[in-house]
Amino acid sequence: MMHGAEPAAAMSAAAAPPRPRLSTQFHGWLLLLPAAVLLVTFTHYPTVATIIDSFFSTPKGRRAAVFVGADNYQAMLGDPVFWRALANNIVYAASVIPLTIALALAMAIWVNGKIAGRPFLRLSFFTPTVLPMIAVANIWQFFYAPGYGLLDQLLGVFGTPAHNWLGDQSTALVCLIAVAVWKDAGFFMIFYLAALQQLSPQLAEAASIEGAGRWYCFRRVTFPLLMPTTLFVLINAIINSFRLIDHIVVMTQGGPDNTTALLLFYIYEVGFKFWDTAYAATLTVVLLVFLAMVALGQFLILDRRIHYQ
Amino acid sequence: MSALQITSRGHAALETAGAWLLALIWILPLAYALWAAIHPSAYSAHFVLDAPLTLENFARAWNAAPFARYFLNTFLLVTMILAAQLVLCTLAAYAFARFTFAGRDIAFILVLLQLMIMPDVLIVENYRTMSAFGIVDTIPAIGLPYMASAFGIFLLRQTFKSLPRELDEAARVEGAGPLTVLLKVYVPLAKPVYIAYGLVSVSYHWNNFLWPLIVTNSVNTRPLTVGLQIFASTDQGIDWSVITAATLMTSAPLLFAFLLFQRQFVQSFMRAGIR
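Protein sequence lines correspond, in order, to chains V and R.
1 is the number of the first residue of the first sequence in the numbering used here; add one for each residue after it.
310 is the number of the first residue of the second sequence in the numbering used here; add one for each residue after it.
It is worth saying that the hints were derived from the structure and are not from the lab.
Ideal Cβ placement from N, Cα and C applies to all residues, glycine included.
The reader is advised that the hints may include incorrect statements.
Stretch by stretch, here's where chain R covers chain V in the computed footprint (C-beta under 8 Å, at least three residues) [as the list claims (entries may be wrong)]:
{"hint": "1", "stretch": "47-55"}
{"hint": "2", "stretch": "87-100"}
{"hint": "3", "stretch": "236-248"}
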């Protein structure tokens, strides 16, 4: 970096008095250049290339990719696994996101108040955030193990028979949802905690003097004031529900019978197990459309508060 | 009135109990991992108070896979990514915060795009790019897509913009060039943000899994997370004691750092989240 910038600094000394604006322009772009090159190579180019590749066939051996029009998309619409993964992902997101946000908010309110054992609570809630998903998925796998796993041992006390939690089509996705909620709630708690600490305590006092109950005060005062944080957390939770599939790779591999395959997991399978890169690109386009919709939603609805300028 | 106070006290007790129950569930996986790792295999699913203690599981895990190499790889990976991120994001953030140049606003929106479309979802095309560069199965290939971080650029830009311009101008009057001003004025004043960003970045990349799994295929490049997964899924069958020992080992550095610097960690994540 330094080599490139030193001549630039020398140049500015020479060129600055007559034409300051041009040198500012030049410096601006020069400073941005290294990051811009990497961003274009690994974010913008692949985004565009994904869309282009989705209209071509997968190159095989010496046969180059040929333009196939919308064939990949037609194949996708007729692919039951794609629909399965899409439906799974929607169920997964629709469960994980509200649960995580509600728990994060409750945790933040507890930890922010005068509850007994606050340091332990905070430590316990936040710890999952620093542990690798891959590592904790291994531990959770034991919880769900049929017969001797922790869940079955606990339920066994009540006489419930052993159950193959991850192997049963009706419970596998629920198990993964639990892991995702457990992993992220403490992370989002932090943002609520930060927001709560910035709220004026007089507000709650005023509400309680007016005779408002805690729940009323939360619903009418605290929650509306936390709205910007909720939206920030919401966006991140949505992105995470499409982005994070580590636990699926460890715990179920998308099974049984694709009941836990999420969109990105299916892309991973198609792209790196079946090596059908054109079809993987087509599936990625669907994922990108989802993310673009989130971005657009954020841009249109809520970003009045965050000042980009 | 007193009846109301009693019910509200009852509510508070119920709430405390709920909070504690939740906290216990939240710590349970870690507590279990610790239990299984320090007891012989026979006790991994058998919880009795007089179970003998042992460190043998750690030794067995350590010897069963090249964990020393995986640790080194992860260390190199997170260091490389963080170093590159700090340099690239600082320069770009400085450009956005203090320079007016043609196309700046569009460039900034294009940068922010990466907050939504993260490298994690562009695995197919990025793998193709790495193949074209001939660097599949190298540590730089794992790090490259993450080095120009939109999050870092955004965070530092906000910080730089919040600093008073007078400091900047004072330094310039004394003849300092733009880069000197950046290094002598902006970077020192943004130190807490750098620490916050550093902690977030290190814990993200220490824990990252899918992309490293895809782009590596040898012992010399695999980070801990991928090494752990291969170890847990192939070598061990279902010996939970050894798996949990390995699991704890791989998370230990981050976990210890977290326990020691809990306040800084929490504050860093907070700082990184407030825009």
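**Request:** Compare the structure with the hints numbered earlier in the document and write down the numbers of the violated ones, lowest to highest.
**Result:** Hint check: 2 fails alone, others pass.
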